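*Asks:* Below are the chains, spelled out letter by letter.
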Amino acid sequence: MLFTIITVLAVLGVSYRLTSMRFKAKSTAAGIRPAGYFPWLWSGMKSIFKKEAFQKGQRIVFDWIKNYYPGWTKWIFLALAASFVYQAASGLLFAVFSPRGMFGVPLLVHVSLGGLFAVSLAFTLIWRARAYRLDRQETVAFESLAFPVFKSLSKPLVRKFLFWLFAVAGLCLMVTALGSMVPLFSFNAQKTMIIVHRYCALVAFLAGLTFLDIAILPQPQAK
Amino acid sequence: MGLTKPYHFLFGLSFTVRPVLKWILFIAAIVIGSLLFLVFLLALGRLSGLIDKRS
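First to last, the protein sequences are chains A and B. Residue numbers for the first sequence follow the working numbering, beginning at 5 and rising by one. Residue numbers for the second sequence follow the working numbering, beginning at 6 and rising by one.
Treat the hints as calculated values from the structure; they're not laboratory data. Note that this is a predicted model, so its numbers are computed, not measured. Be aware that a few hints might be false.
Stated by the list, open to error - Derived DSS-like pairs: lysine-lysine, alpha-carbon spacing no greater than 30 Å straight-line: (1) A:K195 - B:K27; (2) A:K159 - A:K78; (3) B:K10 - A:K78; (4) A:K50 - A:K159; (5) A:K159 - A:K30; (6) A:K70 - A:K55.
To be verified - Residues on chain B that point at chain A, a partial pick, calculated with CB under 7 Å: (7) L15; (8) S19; (9) L26; (10) K27; (11) L30; (12) A33; (13) A34; (14) V36; (15) G38; (16) L46; (17) A48; (18) L49; (19) I56.
Backbone N, C-alpha and C define an ideal beta-carbon position, used for all residues, glycine too.
Required output: the full structure, derived from the provided sequences and hints.
*Replies:* Okay, structure coming up:
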């Protein structure tokens, strides 16, 4: 029950934060004051289900993949993204809505895709770690860290932080999945690992969602 | 039980490939863990001044 409450609040909170920042940026870029946040959000949600919006979103994502994962490496990113989307969706939905937890075919697919997620995340880190390392200026920014922290951090730095946060959460997901499969721990320890696995999945999902908004989707431009 | 043939096949297969899956997870966790440890050490080195910030 606690996990359900935390998940719902965290997903709603992060979604509100990301969409309200986008709403403010759009209002500033357009130079006009729109009707309000909720009407804007509602019209945006309706347009998501239109064919043109889907095609536009697909184009944006594939252009981003082509830029950062050229040639055959795009398959590694696509494997990571597809396996993570399925695992996050199935894991969080069953954890929140099913008192029994995950079972049957969704569980079999979830576990099978775990292997693909692990391999693709390892390759992605080897391939992209260099692009997300801390620069000299960014280390200086950390030294003179001022509060509130998030106002003092630049967007590229947040992007890097999210990339590494996703990697840490991914590692935690793998270790807890592996730990609950090997006969080394007691039943109570394995139950605890499943709980930790769920929280790590939530962290990875929120990091992925924020990364998608900050790094992949274009920011509103002045017309 | 009302379970279909493909489900039985998948269920059996999950036991057959489980040792391979465990090895895949173990190796991937070692690789990712090593990389994260390296990143942590590098960041710590830069913050403490042990690694030259110009490099």
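*Asks:* Are the hints correct? Go through all of them and say.
*Replies:* We went through each hint and held it up to the structure:
1. A:K195 - B:K27: With Cα atoms ~18 Å apart, A:K195 and B:K27 stay inside 30 Å; holds.
2. A:K159 - A:K78: holds, 24 Å
3. B:K10 - A:K78: violated, 35 Å
4. A:K50 - A:K159: holds, 29 Å
5. A:K159 - A:K30: Given pair A:K159, A:K30 holds - Cα atoms ~17 Å apart, limit 30 Å.
6. A:K70 - A:K55: Roughly 22 Å separates the two Cα atoms, so the pair holds.
7. L15: Holds, about 5 Å.
8. S19: Constraint on B:S19 satisfied, holds at 5 Å.
9. L26: With a closest approach of 5 Å, the B:L26 hint holds.
10. K27: holds, 6 Å
11. L30: With a minimum Cβ separation of about 5 Å from chain A (threshold 7 Å), the hint on B:L30 holds.
12. A33: Result: holds, 4 Å to nearest chain A Cβ.
13. A34: This interface hint holds because 5 Å falls under the 7 Å limit.
14. V36: holds, 4 Å
15. G38: With a minimum Cβ separation of about 6 Å from chain A (threshold 7 Å), the hint on B:G38 holds.
16. L46: Cβ of B:L46 sits 12 Å from chain A, so the hint is violated.
17. A48: holds, 6 Å
18. L49: violated, 11 Å
19. I56: Violated: closest Cβ of chain A sits about 9 Å from B:I56, beyond 7 Å.
Checked against the numbered hints given earlier, the structure breaks hints 3, 16, 18, 19 and satisfies all the rest.
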